[in-house]
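There are 2 protein chains.
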Amino acid sequence: MSEDDLPEPSRSPGEDSGSQGAPAPEAGADPAPEAGAQENAGSPVGRGLSRRGMLALLGGGVAGASIGVAGTAAVVAATGSSGEPGAGLSYPFAGAHQAGIVTPEQEHLHFAAFDIREGLGRDDLIELLQDWSYAASRITQGLDVSARGAFDGGPYLPPDDTGEATGIAPAGLTVTIGFGRSLFSTDAGEDRFGLAAQLPEHFTELPKMINDFIDRGRSAGDLCIQACANDPKVAVHAIRNLTRIAFGRAQLRWSQLGYGRTSSTSTSQDTPRNLFGQKDGTANIRAEEPDRLEEHVWIGESQGPDWAVNGTYLIARRISMTIEVWDGVQLGEQERVTGRDKRDGAPLSGGGEFDEPDFAATDASGALLIDERSHVARVHPSNNDGIRMLRRGYNFTDGNDDQGRLDAGLFFIAFVNAPERFSVVHKNMARDDLFIEYLKTTASSVFLIPPGVSEGGYVGQQLFEAG
Amino acid sequence: MSEDDLPEPSRSPGEDSGSQGAPAPEAGADPAPEAGAQENAGSPVGRGLSRRGMLALLGGGVAGASIGVAGTAAVVAATGSSGEPGAGLSYPFAGAHQAGIVTPEQEHLHFAAFDIREGLGRDDLIELLQDWSYAASRITQGLDVSARGAFDGGPYLPPDDTGEATGIAPAGLTVTIGFGRSLFSTDAGEDRFGLAAQLPEHFTELPKMINDFIDRGRSAGDLCIQACANDPKVAVHAIRNLTRIAFGRAQLRWSQLGYGRTSSTSTSQDTPRNLFGQKDGTANIRAEEPDRLEEHVWIGESQGPDWAVNGTYLIARRISMTIEVWDGVQLGEQERVTGRDKRDGAPLSGGGEFDEPDFAATDASGALLIDERSHVARVHPSNNDGIRMLRRGYNFTDGNDDQGRLDAGLFFIAFVNAPERFSVVHKNMARDDLFIEYLKTTASSVFLIPPGVSEGGYVGQQLFEAG
Chain L
1 MSEDDLPEPS RSPGEDSGSQ GAPAPEAGAD PAPEAGAQEN AGSPVGRGLS
51 RRGMLALLGG GVAGASIGVA GTAAVVAATG SSGEPGAGLS YPFAGAHQAG
101 IVTPEQEHLH FAAFDIREGL GRDDLIELLQ DWSYAASRIT QGLDVSARGA
151 FDGGPYLPPD DTGEATGIAP AGLTVTIGFG RSLFSTDAGE DRFGLAAQLP
201 EHFTELPKMI NDFIDRGRSA GDLCIQACAN DPKVAVHAIR NLTRIAFGRA
251 QLRWSQLGYG RTSSTSTSQD TPRNLFGQKD GTANIRAEEP DRLEEHVWIG
301 ESQGPDWAVN GTYLIARRIS MTIEVWDGVQ LGEQERVTGR DKRDGAPLSG
351 GGEFDEPDFA ATDASGALLI DERSHVARVH PSNNDGIRML RRGYNFTDGN
401 DDQGRLDAGL FFIAFVNAPE RFSVVHKNMA RDDLFIEYLK TTASSVFLIP
451 PGVSEGGYVG QQLFEAG
Chain Z
1 MSEDDLPEPS RSPGEDSGSQ GAPAPEAGAD PAPEAGAQEN AGSPVGRGLS
51 RRGMLALLGG GVAGASIGVA GTAAVVAATG SSGEPGAGLS YPFAGAHQAG
101 IVTPEQEHLH FAAFDIREGL GRDDLIELLQ DWSYAASRIT QGLDVSARGA
151 FDGGPYLPPD DTGEATGIAP AGLTVTIGFG RSLFSTDAGE DRFGLAAQLP
201 EHFTELPKMI NDFIDRGRSA GDLCIQACAN DPKVAVHAIR NLTRIAFGRA
251 QLRWSQLGYG RTSSTSTSQD TPRNLFGQKD GTANIRAEEP DRLEEHVWIG
301 ESQGPDWAVN GTYLIARRIS MTIEVWDGVQ LGEQERVTGR DKRDGAPLSG
351 GGEFDEPDFA ATDASGALLI DERSHVARVH PSNNDGIRML RRGYNFTDGN
401 DDQGRLDAGL FFIAFVNAPE RFSVVHKNMA RDDLFIEYLK TTASSVFLIP
451 PGVSEGGYVG QQLFEAG
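So the protein sequences, as listed, match chains L and Z. Residues in the first sequence are numbered consecutively from 1, following the UniProt record's numbering. Residues in the second sequence are numbered consecutively from 1, following the UniProt record's numbering.
Be careful, since some hints might not be right.
Simulated coverage check for chain L against chain Z, where a stretch passes if three residues somewhere in it have a Cβ under 8 Å from a Cβ of chain Z [as the list claims (entries may be wrong)]:
1. 148-158
2. 184-193
3. 235-244
4. 253-260
5. 271-283
6. 392-398
Covered stretches of chain L (in silico footprint by chain Z; criterion: 3 or more residues with CB under 8 Å from a CB of chain Z, positions within the stretch not fixed) [as the list claims (entries may be wrong)]:
7. 322-330
8. 402-415
Worth flagging that the hints you see were computed from the coordinates, not collected in a lab. Backbone N, C-alpha and C fix where the C-beta goes; we use that ideal spot for every residue, glycine too.
Next up, chain L with everything else stripped away, as it sits in the complex (with noise of 0.2 Å):
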């Protein structure tokens, strides 16, 4: 990549008063693409940003320009003393798995999908995943997006960085990028980037379920992002400056803000409630478990592609509680629904919360203590082949309908070796599990999670590396 820095205006208060004027000539910006070593600290994109997206960030005013990613932003203090607590907190964007996925499940969701725009091909598809990676390698590590930021771009040019983050990321920031099945192939089977033989066989998607009143527009998309953090601000901000860096190549489909985990992903994590009132996740694969990830969340090579391994797939779906219908239950119905006890979480054959529900036991008069069509039961991995997941979710609440009624419920997230494993599931508790009743999914969607990043390379590079 080559670029042609921009000159920097000298800046004072006052100067640019008024001014809308072209840029104006500077000297001594640093003509090498590569930030300082110090401000690239962490990143695994040595490149910068692609001239694409530097004039997606510039606006549609100053075609032909574009910015050299050295300047003088610094570390971002991570003091949080304006934010949530934690703010320092950080976990690396390269590794042989994207992050996100067995990171300690963060307090915040901001997910967004993307439609590429009509006409690109597949050097633009991979110019805007290298830059998002860039982007992504800096802000997960309490960087703004590019080197000169927020403040650093001088007064005639739209800042980089949008920056409200600055102060109070990284808080844990992970960015994990997604490809749609239409990546691959759209359902008119066009192959708009070439990538259609590299589809793996195992990128289905789901079946039409009970309670499913899916909106299209909520759901799918060619990429997905999900950012999530322990400040909301800082997941907004990624992907509000990531959704700036695709001007013009992807426009953001649909988005969904999420509060409060719903699972813990490590055995270091309290089991956390739902908008039930449930512990929840309580089963759930965790970062310490690496057997099970390797059976359940890793595509192996047995699945492959080669390309894939190491990657995963996303399982999103918008489940909408019926939460005032819930509310007026027993709860010894709420807690035969579930089949734990509602205070502990423990099984109601007994135990504390981890202990193995028993689903033969029964009571004196040789009732099951745990109802077959209890949610524990129909999802349980000894019901279901053995079959697991690693589920990361968060709960929603957008506002409320004209009835009064919330409308609020479970961002649910998993991540799977395969969608058919999950359907299996899915299947043997949507026929009759009692919990359906309170449920209703306005959003559905899957998504293949390519592995990791190498340092210096960028998410999906093994994909189109393959061919």
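Given the structure of chain L, go ahead and fit chain Z onto it with the hints provided.
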């Protein structure tokens, strides 16, 4: 208040399996409406929930029954390990002023407005406010809404508390309750609650302004509740449970989630950045400025009426920000629009963030350093008869439109001792503030926040005792 206590059935796993039956006999329930002293610690309202409030919790299924507030609910453990840090932080509900105004602004908001059901009268309204005050006095201390709470009502009743805040409350929760103008007199002049004579002369609505595109369904209401906490689950739990207690009496009209404070209300807090990346609320009134609070925020005896003294007015405006347009604006122009340096928040006339702007300062060419139409110039007290306000707003992001643009902005909240004082500043801004180009107000409300609650009292008691 007297309660016919419901018998409490004994309970074992499985016994309730499939049961939808009526309450079973029990023995030993405490006939006193007050919970034990330990359970009621921090509660200014010793009376418990009204019969009506209890029925609301029960839903329609068990007419005529009621629940005593005695029980075994203990103070919720505030470990916070499955929620946000700071779970143990609590603020008293009782006091001269309501909490949630000068309280150091928390990180999360759930705001809701309600309309009283048709046909209800003054006593119903009083009872609702008593029930809300009782529940609020408990949940702000990390307790469930009643002593039986989420788990101690037995298997045959819906739980009093929805349970999702268990273990993560109170997280600094404040519950602030307000009155809409319609509570005193409807648009048609109807005096539903015998309060028309008590309508404060200063309780006026805001005039329509430039760039007001007001959705009435998202504005106003008979009552409002502002729930703020450092964990969004705790704020949502508060609104959800107070909505539930109001069932059949008041219906949720509109609601708004907010994340990330956009002001500081204490000198102990850093200035946060808003979604335009600017430091926001630099000139805010702080809790540590009692003289300014008396002058600008608290309703004084000279303003009256007597029952409202120590109350205030809450202005709530949902201000959509044209994020994508702003992000394409040159840094220098962004700073001209706001009149402040984007990085450090200092006025463009020089100095640091907290230095007073010098609106007469000029550069070498004689041009003003701070544009006359900049936001800081338009809203500064020195240009508005010295009027200040206490701002306490939040960011919001409610998905995106079909063009992929974020539906995001500022849920502006300010407290002033007369709405017309807010209007003076607002008019000065709305006429030609450069900032207005990037804003669109989609909802607008004014609520009177009555003074604080005495021990054993309820919100609004001063009003109903006044006549």
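To see whether the hints hold, each was checked on the structure:
no., hint, verdict
1, 148-158, "holds (count 8)"
2, 184-193, "violated (count 0)"
3, 235-244, "holds (count 4)"
4, 253-260, "holds (count 7)"
5, 271-283, "holds (count 8)"
6, 392-398, "holds (count 3)"
7, 322-330, "holds (count 6)"
8, 402-415, "holds (count 6)"
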